[in-house]
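There are 2 protein chains.
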Amino acid sequence: MKTISIGIAGLGTVAQGVLSLLAENRSLIEQRSGVSVHVVRVASRSAKPGVDLHGADFSTDVMDLLSDSRIELIVELIGGEGLAKELIVGALNSGKAVVTANKAVIALHGNELPRQALRFEAAVAGAIPIIQALQYGLVANQFSSISGIINGTCNYMLSAMEEEGVGFDEILERAQALGYAEADPTFDVDGIDAAHKLTILMALAFGTQFEFDKVYVEGIRAITPTDINYAAELGYRIKHLGILRGHADGIEARVHPTLVPHGELVAHVSGVLNAVQVVSDAAGKTLFSGPGAGGAATASAVVADIVDTALNSQRPSVDAVVDTSKAILPVAQISSAYYLRIPTRDEPGVFAEVTQILSSHNINIEAVIQKDGHDQGESVDIVLLTQDTQEAHMNKALAQLEALASVTDTVMRIRVAPQD
Amino acid sequence: MKTISIGIAGLGTVAQGVLSLLAENRSLIEQRSGVSVHVVRVASRSAKPGVDLHGADFSTDVMDLLSDSRIELIVELIGGEGLAKELIVGALNSGKAVVTANKAVIALHGNELPRQALRFEAAVAGAIPIIQALQYGLVANQFSSISGIINGTCNYMLSAMEEEGVGFDEILERAQALGYAEADPTFDVDGIDAAHKLTILMALAFGTQFEFDKVYVEGIRAITPTDINYAAELGYRIKHLGILRGHADGIEARVHPTLVPHGELVAHVSGVLNAVQVVSDAAGKTLFSGPGAGGAATASAVVADIVDTALNSQRPSVDAVVDTSKAILPVAQISSAYYLRIPTRDEPGVFAEVTQILSSHNINIEAVIQKDGHDQGESVDIVLLTQDTQEAHMNKALAQLEALASVTDTVMRIRVAPQD
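In order, the protein sequences belong to chains G and L. Count the first sequence with the working numbering and you get residues 1 to 420, in order. Count the second sequence with the working numbering and you get residues 1 to 420, in order.
These are computed hints drawn from the structure, not numbers from a lab. Since we're looking at a predicted model, the values are computed, not measured.
Copies of one chain are not kept apart here, so a pair can be met inside one copy or by any two copies together.
Below, in silico cross-link-like pairs of lysine-lysine (DSS-like), each with a Cα-Cα straight-line distance of 30 Å or less:
no. : residue 1 : residue 2
1   : Lys2      : Lys326
2   : Lys326    : Lys85
3   : Lys2      : Lys96
Please take these sequences and the hints and turn them into a complete structure.
Here you go:
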């Protein structure tokens, strides 16, 4: 039996989940993996009298974990970027391994960290063992595309908007009441959290550096029940996806609302669940879904990383596969099909004007929804699904469309999921 | 860099997939895992002149792999139970590790094999790294239920029957023409292949012996488009599932057609894909889907096992967790909701007779479909969805229903997926 002595920084829900999981399933973990995990110290700014530390020492200074020579691995669960990063760097530099659920530190500062003994399964898609799948289960595969629902808040909100036909603001209030969204929801609903996770997946799957700044990010604030309904009519669900695609000349990395066809499994992942779809040369299209957050679910991933460290301390870090030749493509260079909702005056000739502009940019129309029954002169939506075109062309076409006198408001543009 | 020298037994599509995957993605595998895999000998009854062995020696006798002292690991891909088992036992007894895709040998003879150095990710659900997920990614979890689509032939056929409204025989012919079903389809359509895989999942997830004989097995021959349509009307799809559920007094292990509610992700896994849903105490409900067969997809799992052997040769085998206290429950003891299609004479009082019998066994009705517009005296289906009841009670009720003069044919009974 291998043993590993660990220290835990933080005493929130995930840390509590790790403590109780290690205690309750101790013998099962030992039998299954041959690894015995000992928590020797827990450190947190404030003690929590109700939490059973199962005999571990307690410090109010997380830096005490660095000086405790018994500790071989530090589990960083304090969150944030300052102290957490300091602790991670300190641990790695002093020869301790680190397991963290901190996606911001990895996505934003991953390049500066010595990563040989750093693991972060819990930072992406909660309980889903997606990082282990990329590194072990699919080890033999070259990845061509990784995409998925990697923010549970957005997925909960879009699912609820679809089911109930109500708007963003009302659902946000509910998500906040249910604890699915923070008081300041920016991180989630504006796509930043998803972009952190996508940055990590990109480094692992495509061997890039951690390049958060180059990920194109759009949130879900602009999505309306109207768009959700039109999308349904066209055979799609609107999901907030992170998308990575490898090309000969670079990598697409983008986070935005996306029309996903009903035939795709990802379209049926509802509520706070996460799902990651991997397309690769040998395994083909695989999908991994599960809870993306929560104390116990995240603890499951943390403990998997602790065991993996004990078993595979010599595994190459992601450093080993960094391929700096791969550029991350500007979003203007991607090719996509698009959903367009164009608010127009209900006048003769408007549709012809719209199609003429699209045609002048070589943008072909795949499907159209035009609602009848309006009075002349009222505003009416022209809803289009285009075939694949380069985003740069679409941007030019949109500028011209919005300049038309007959177009009454901003054109709503949502990208369609690539066919992988 | 760790190196591992392997021999491959067999030269069919999977073996060819392994050879080309190891050649094409060699540097990627080495960078990602730190493991360098060398194929030193390939053995197959007959040479295949067109296949590139990438410099490996060739034998027509697979037993040559045992006497080649360079070989540390044998990949068994000849299939069948006789020679394959002999080779596996010979390899393990002579201190060589074994990786196999042979589900029959593992499910039927697993208990007799020395399993410390035996891996079989490719035996269950093809490319999906489900065994690694159970043993590594979800290592900290106690599993309460494992269920899923683990036979691609059945899933292709049921999906096609639903889409096209045609019957079993016609779809079977097509599946055979497409190579999705064997000339003798028994293994797949009667559920035996799925039961092999379920036997393996049970041993891994619940620590039982390999007890294929105790798995309850039903195939899909009896399923009709009529049942598929009724199920759809009730909000369900019919899927051929393998189901494992842990209880205090034992384990349910069963393979049969199952009504899966549309709200479940598994209901949307179509065509030849496989999907395994895992419910566990910490990670909650996770799902893993992907191609269940095919040369490259299976090769992906085989190579993952080769790398895993090189990295984790000291991992405890499944032996370590065998818990013989867990009995496998007879199917009569399971509790389930049921779909019943009862062909009856369209006469007054028949429905009352039916409900009276169910009620006498304390079986409650959840939903009913009764079609109008028939002439008196014609045969008409009474379609019912029951609430949960013990299978033993349902068996008694069915016997009484079928004894009714007004019931004109066998009652179709399909179990509803448990709510996990």
